[in-house]
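Take these sequences, add in the hints, and give me the full structure.
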Amino acid sequence: MDFNLTTEQKLIQKATRDFAEKEIAPVVLEMEKGAPLPDNVIEKMAKAKLLGMLAPRKYGGTDTGYLAYIMANEQFSYVITACSFVMVVCNSIAEAINRFGTEEQKEKYVRGICEGKLMGSLSFTEPSTGSDPKALATTAVLAGDHWVINGTKRFNTLGAYNGPALVFAREGDSVHCIIVDKNCEGWSSSKPWDFMGYRGTPTVDSFLKDVRVPIGNLLLEKGKGFEILLKIISGARISSCARSLGLGQAALDESIKYAKQRTRRGSPIASMMSIQGMIAEMASRLEAARWLTYRTAFLREKGGDVLLESAMTKIFVTRTAKELADMGIQIHGAYGFTKDFKIERIYRAAKEGEIVEGSSEIQRTIVASMLLA
Amino acid sequence: MEILVCIKQVPASSEVKVDSQTGALIRESVSGIINPTDRNALEESLRLKAKHGGNVTVLTMGPQQAEEALREALAMGADKAVLLTDRLFAGSDTAATSYILWKAVQKLGKFDLTLCGRESTDGVTAQVGPQLAELLGIPQITFVRKIELKDGVLRAERGLKGAFETVEGNLPLLLTVNKEINISREITIDDILTACREKEIISWGADDIGAERSKIGLEGSLTVMLRSYIPAREKKGVIFAGPVKDAVRDLVQELRKKQLIP
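These protein sequence lines are chains A and B, in that order. Numbered per numbering that gives the first Met the number 0, the first sequence spans residues 0 to 372. Numbered per numbering that gives the first Met the number 0, the second sequence spans residues 0 to 261.
Be aware that a few hints might be false.
Mimicking DSS-like on lysine-lysine, the simulated pairs with C-alpha atoms at most 27 Å apart in a straight line are [stated by the list, open to error]: (1) B:K178 - A:K13; (2) B:K48 - A:K43; (3) A:K43 - A:K107; (4) A:K13 - B:K48.
Chain A is faced by these chain B residues, among others (derived, beta-carbon under 8 Å) [claimed, not checked]: (5) E66; (6) E67; (7) R70; (8) E71; (9) A74; (10) I186; (11) D189; (12) I191; (13) L192.
For the record, the hints were derived by calculation from the structure and aren't laboratory data. In this text the structure is predicted, and so the values were computed from the model without any measurement. Note that beta-carbon positions come from the ideal geometry of N, C-alpha and C, so glycine has one too.
Okay, structure coming up:
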């Protein structure tokens with residue numbers, strides 16, 4: 000097995016990190032204080048070709064390869080930014096439409112996302128359910144040559160932006176996935192949720208009242224909604240892990256920097272065994288988390304569904320990020336408890352991984368059910 | 000117009016560690032970057048190409064890993080990339096390095112303009128560019144911060160300490176550039192994929208360029224590094240005492256004297 004990164008992967012990592020530090024990092028602190036996501040940031044991300052990394056070149060994407068995309072995700076996430084969600088959601092939706100859509104859907108929506116003109120959304124979660132399709136309350140009723148959709152979608156990232164939402168709706172016992180052009184008649188959104196971490200994330204509740212959508216906007220086939228969702232979610236889990244890796248690396252780097260600078264009785268605290276122990280633990284766990292994530296991404300790139308692998312990886316990697324953030328705060332001591340140090344922001348963001356894209360409890364249920372079947 | 004740019008892959012400075020015994024840089028497992036002023040040289044060549052037409056060839060000497068720097072150069076827009084790599088090149092000082100580059104240029108052909116960065120961040124000698132110009136038998140202008148090219152005549156502004164100097168010369172010329180000459184472009188994912196998947200890198204060893212063994216590697220080096228160390232830092236500080244107004248005035252004067260503020 001060759002574990003060496005290719006030149007292409009290394010350059011993608013470097014270019015993405017450089018972009019994040021130059022274009023994204025300067026706006027992060029304002030967003031953490033409550034400012035919204037600046038519009039020009041999305042334009043810049045599109046220009047840097049970060050929104051269509053999994054889409055074919057014929058639709059304006061770069062067809063980077065899934066593993067390199069995850070590596071880019073990790074580097075982008077190093078600056079701990081809500082923009083990571085923009086990158087993930089747009090790439091996921093473009094990938095899904097490219098995989099399951101008609102030529103007409105691909106040309107319209109995949110190209111639009113790659114060019115930054117359309118923002119995708121994955122509209123599954125509702126007030127009553129985040130993971131159980133049987134509990135979906137949003138309905139889709141066929142009326143002539145249109146679907147009429149009614150329901151509420153919760154935690155809908157980019158739900159207020161123009162573009163294609165993959166809306167999961169029930170028709171009787173069947174769950175369909177229907178592409179809805181957001182902000183059409185009948186579509187409205189709340190103001191964004193004010194999250195504990197990754198503040199400024201443009202995640203809203205979206206309300207669909209008699210939204211009429213052409214029958215041709217059905218993705219794949221009737222009743223294939225859950226199957227599509229599972230395929231998308233396995234990728235979303237790995238993206239969540241990439242976010243955790245970026246965050247974990249930031250926690251480690253900040254802790255090393257602090258430990259070398261902070262002195263006690265004339266010596267840096269990096270010379271203390273207790274600090275060295277934590278640094279070593281952080282680095283070791285991060286290394287394991289990284290290669291587990293890369294391996295799962297590699298398997299997905301090779302065509303695997305990775306339903307089991309992605310669940311196992313997410314359990315481990317997101318917990319690792321949270322642990323690293325915790326150790327990072329401990330190393331910083333009282334200063335870590337202030338907003339003056341980056342580790343505080345890392346700590347607030349770290350919990351996200353164990354909840355979003357399927358909570359760790361759900362992942363454990365998935366793993367256990369697959370192993371014990 | 001045919002432009003040659005010589006670049007070097009150097010350790011990313013934020014990751015550099017030093018061997019406490021030998022004082023040498025520990026390069027293993029450290030990622031490499033295009034030497035910053037070489038990147039400026041490449042950027043300038045691409046701007047000249049955009050304005051005057053022609054081709055940009057990038058040349059580097061180093062281990063196989065230096066291919067990454069060439070791929071990045073291709074992603075920025077270079078047309079051709081050549082890697083000089085051979086175990087026999089190891090240990091070359093600036094004289095041997097310049098000789099090797101010269102032999103490669105003899106094989107590549109004629110260039111109207113050759114651009115180099117002023118100095119590398121690891122060696123910091125600023126010797127390779129001037130040495131190469133001598134071997135090529137062409138005039139050189141060093142520390143360039145601005146270029147104008149018109150009708151085959153190049154006008155360069157040199158950035159010296161506390162002064163500027165304008166020099167003119169006819170092509171062919173070799174220039175070494177300062178970092179102030181430009182801000183180099185960012186590359187996109189698309190640029191990287193094109194560079195890695197669609198462009199070729201030519202790789203030459205000592206035999207390919209007809210390099211004489213006595214002029215390369217340790218044997219061909221005119222200098223030997225005897226010792227490398229990190230000097231002990233002396234903690235120096237100046238206290239500007241007295242009334243605040245006077246102290247501020249004295250501080251500003253001192254900063255101006257050191258050219259730290261205008």
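Hint check results:
Distance hint between K178 (chain B) and K13 (chain A) is fulfilled; the C-alpha atoms sit about 21 Å from each other, no more than 27 Å. Taking the CA atoms of K48 (chain B) and K43 (chain A), the gap is near 26 Å; set against the 27 Å cutoff, the hint holds. For the proposed pair K43 (chain A) and K107 (chain A), the alpha carbon gap of about 21 Å is at most 27 Å, so the pair holds. Only pairs whose Cα atoms come within 27 Å are accepted, and K13 (chain A) paired with K48 (chain B) is accepted, the gap being roughly 26 Å.
At its closest, the beta carbon of E66 (chain B) sits 6 Å from a beta carbon of chain A; the interface hint therefore holds under the 8 Å criterion. For E67 (chain B), the suggested interface contact is upheld, since its CB lies about 5 Å from the closest CB of chain A, less than 8 Å. Interface restraint check for R70 (chain B): the shortest CB-CB distance to chain A comes to about 5 Å, inside 8 Å, so the restraint holds. For E71 (chain B), the interface hint holds, since its Cβ comes within 8 Å of a Cβ in chain A; the closest pair sits about 6 Å apart.
Nearest Cβ of chain A to the Cβ of A74 (chain B): about 7 Å, under the 8 Å cut. The hint holds. About 5 Å separates the beta-carbon of I186 (chain B) from the nearest beta-carbon of chain A, less than 8 Å, and the hint is met. For D189 (chain B), the interface hint holds, the least distance from its beta-carbon to any beta-carbon of chain A being 5 Å, beneath 8 Å. At its closest, the beta carbon of I191 (chain B) sits 5 Å from a beta carbon of chain A; the interface hint therefore holds under the 8 Å criterion.
Look at L192 (chain B): its Cβ gets to within about 6 Å of chain A, closer than 8 Å, so that hint holds up.
Comparing the model with each earlier hint shows no violations; every hint is respected.
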